[in-house]
Amino acid sequence: MNEILIAVIPVVIIGVICAVVLAVASKFMAVKENEKIPLIRECLPGANCGACGFAGCDGYAKALAEIDGTATNLCIPGADAVSRKLSEILGVEFEDVVEKVAVVHCAGDCNNTQDKVEYIGIESCTAAKLIFGSKGECPYGCMGLGDCMNACPNNAICIENGIAHVDTRLCTGCGLCTKACPNHLISLMDDVERVVVTCSNTDKGAFTRKACKNGCIGCRKCEKVCSNDAIKVVNNLAVIDYSKCPECDDFGVCARECTTGCIAVSDFNGIHRFKN
Amino acid sequence: MTNFIIIMLSAVFINNYVLSRFLGICPFLGVSKKLNQAAGMSVAVIFVMLMATAVTWPIQTYLLDPNNLGYLQTIVFILVIAALVQLVEIILKRYIPSLHKSLGVYLPLITTNCAVLGVTILNIDEGYTFAESMVNSLGSGLGFFLAMVMFAGVRSRLEGADIPKAFQGLPITLVAASITSLSFLGFSGVIENLFA
Numbered sequence: 001m002n003e004i005l006i007a008v009i010p011v012v013i014i015g016v017i018c019a020v021v022l023a024v025a026s027k028f029m030a031v032k033e034n035e036k037i038p039l040i041r042e043c044l045p046g047a048n049c050g051a052c053g054f055a056g057c058d059g060y061a062k063a064l065a066e067i068d069g070t071a072t073n074l075c076i077p078g079a080d081a082v083s084r085k086l087s088e089i090l091g092v093e094f095e096d097v098v099e100k101v102a103v104v105h106c107a108g109d110c111n112n113t114q115d116k117v118e119y120i121g122i123e124s125c126t127a128a129k130l131i132f133g134s135k136g137e138c139p140y141g142c143m144g145l146g147d148c149m150n151a152c153p154n155n156a157i158c159i160e161n162g163i164a165h166v167d168t169r170l171c172t173g174c175g176l177c178t179k180a181c182p183n184h185l186i187s188l189m190d191d192v193e194r195v196v197v198t199c200s201n202t203d204k205g206a207f208t209r210k211a212c213k214n215g216c217i218g219c220r221k222c223e224k225v226c227s228n229d230a231i232k233v234v235n236n237l238a239v240i241d242y243s244k245c246p247e248c249d250d251f252g253v254c255a256r257e258c259t260t261g262c263i264a265v266s267d268f269n270g271i272h273r274f275k276n
Numbered sequence: 001m002t003n004f005i006i007i008m009l010s011a012v013f014i015n016n017y018v019l020s021r022f023l024g025i026c027p028f029l030g031v032s033k034k035l036n037q038a039a040g041m042s043v044a045v046i047f048v049m050l051m052a053t054a055v056t057w058p059i060q061t062y063l064l065d066p067n068n069l070g071y072l073q074t075i076v077f078i079l080v081i082a083a084l085v086q087l088v089e090i091i092l093k094r095y096i097p098s099l100h101k102s103l104g105v106y107l108p109l110i111t112t113n114c115a116v117l118g119v120t121i122l123n124i125d126e127g128y129t130f131a132e133s134m135v136n137s138l139g140s141g142l143g144f145f146l147a148m149v150m151f152a153g154v155r156s157r158l159e160g161a162d163i164p165k166a167f168q169g170l171p172i173t174l175v176a177a178s179i180t181s182l183s184f185l186g187f188s189g190v191i192e193n194l195f196a
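So the sequences go chain by chain: A and B.
When the letters of the first sequence are read in order and numbered with this note's numbering, they come out as residues 1 to 276.
When the letters of the second sequence are read in order and numbered with this note's numbering, they come out as residues 1 to 196.
Relax, there's no trap hidden among the hints.
With a straight-line Cα cutoff of 25 Å, these simulated DSS-like cross-link-like pairs (lysine-lysine) come out:
| hint | chain 1 | residue 1 | chain 2 | residue 2 |
| --- | --- | --- | --- | --- |
| 1 | A | Lys224 | A | Lys213 |
| 2 | A | Lys100 | A | Lys179 |
| 3 | B | Lys165 | A | Lys129 |
| 4 | A | Lys36 | B | Lys93 |
To give a feel for the contact side, a few chain A residues facing chain B, derived at Cβ under 7 Å:
| hint | residue |
| --- | --- |
| 5 | Gly15 |
| 6 | Ala25 |
| 7 | Ser26 |
| 8 | Val31 |
Now the stretches of chain B that chain A is said to cover, found in silico as 3 or more residues with beta-carbon under 8 Å:
| hint | region |
| --- | --- |
| 9 | 70 to 81 |
| 10 | 88 to 96 |
Keep in mind that the hints were calculated from the coordinates and are not lab data.
Idealized CB from N, CA, C, for every residue including glycine.
Just need the whole structure built from these sequences, with the hints factored in.
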């Protein structure tokens, strides 16, 4: 019995000393954290997507609590509900969040274009682009190897028929896919009904046509039919100025008149195509 | 002086904690994917090894040995090292936030690392004096650093290599680790003859 005690007592004493030292240290050397931070952090969705421009949700919560004037409407996945909660906690005016959705500016699927080379290697668009420029006939188009799909935290992107598709019901508009795409084909757009150019090829019409049936050949027909001067062909590619779109009295005329069908009307529940 | 150099060099190369003694394999495989993470982890290990030795050597020599309590070595060392690392973390967070940030998550991760415990126990077993123990700990930490950084480089090469499917992931990592370990076998016997 005595021997057991001799062994136990020193360990207990050392343990107690350690515990007391730690307790005292954590009491006296505590770093004061803003008490709003955990409150704010609880409201945020916790996807750590970085769409707000800060390093994850923790970073945004810290900025909100400590830097005055940080906007409360930066959390795009959280949308209006989170913005409202944040405004309540911080006691500032509620700001509306414009929901964003990712759009793939390429429709060069297996029916419209074909592979230039047979690519065998790492299943990654970035890798394929490093080797061949692009694996498809069109050097600007979607390679369909799924870098965006892997980047998406919500499984909103799938590769179908050789190109990336965004499921807008799942897309929270975090924008991680826009950074993942080596061809910069994906952009974020406000989640309202819009016309979208589903091509990113800036080659001359003849080359584009050869590479892909869907490609924008820069024929300027959309420029002519648009009554608001909203569409300009720049570098053989139609570019839409969305600030002029709301005034349109014949919505979707550009999409209907497009010779190759590369302009599409989108309510973001699936792109509607008007193909001749 | 020669004594210290021999202890130092043999801790780094011949008795390298990861590659020869096979202690601390967990961080060696877990945190060696990226070079900067491997370096951060290793610096934290060096730091903790030195601190732990500075505390455990006096405890063993002046508390346990005189009272015939040498058999409590393992449990007391674990207890003391864990508490010490927590204390160091609190102090760093308060007074040197930049260092705390760069050591980051690695500091609490290595509280119960077997390499750290191994160094402190082996220091006692080898019968080193306090100064020798500190040199040995520094050398062991540097050896850990060397192994981690080297292996991070090897792994970054593995990423781009065309590996058969059956070997992808952990298997090829272990094969690479064993070859790296074999290469360190070449150092054995070098140091003893260096100063002969």
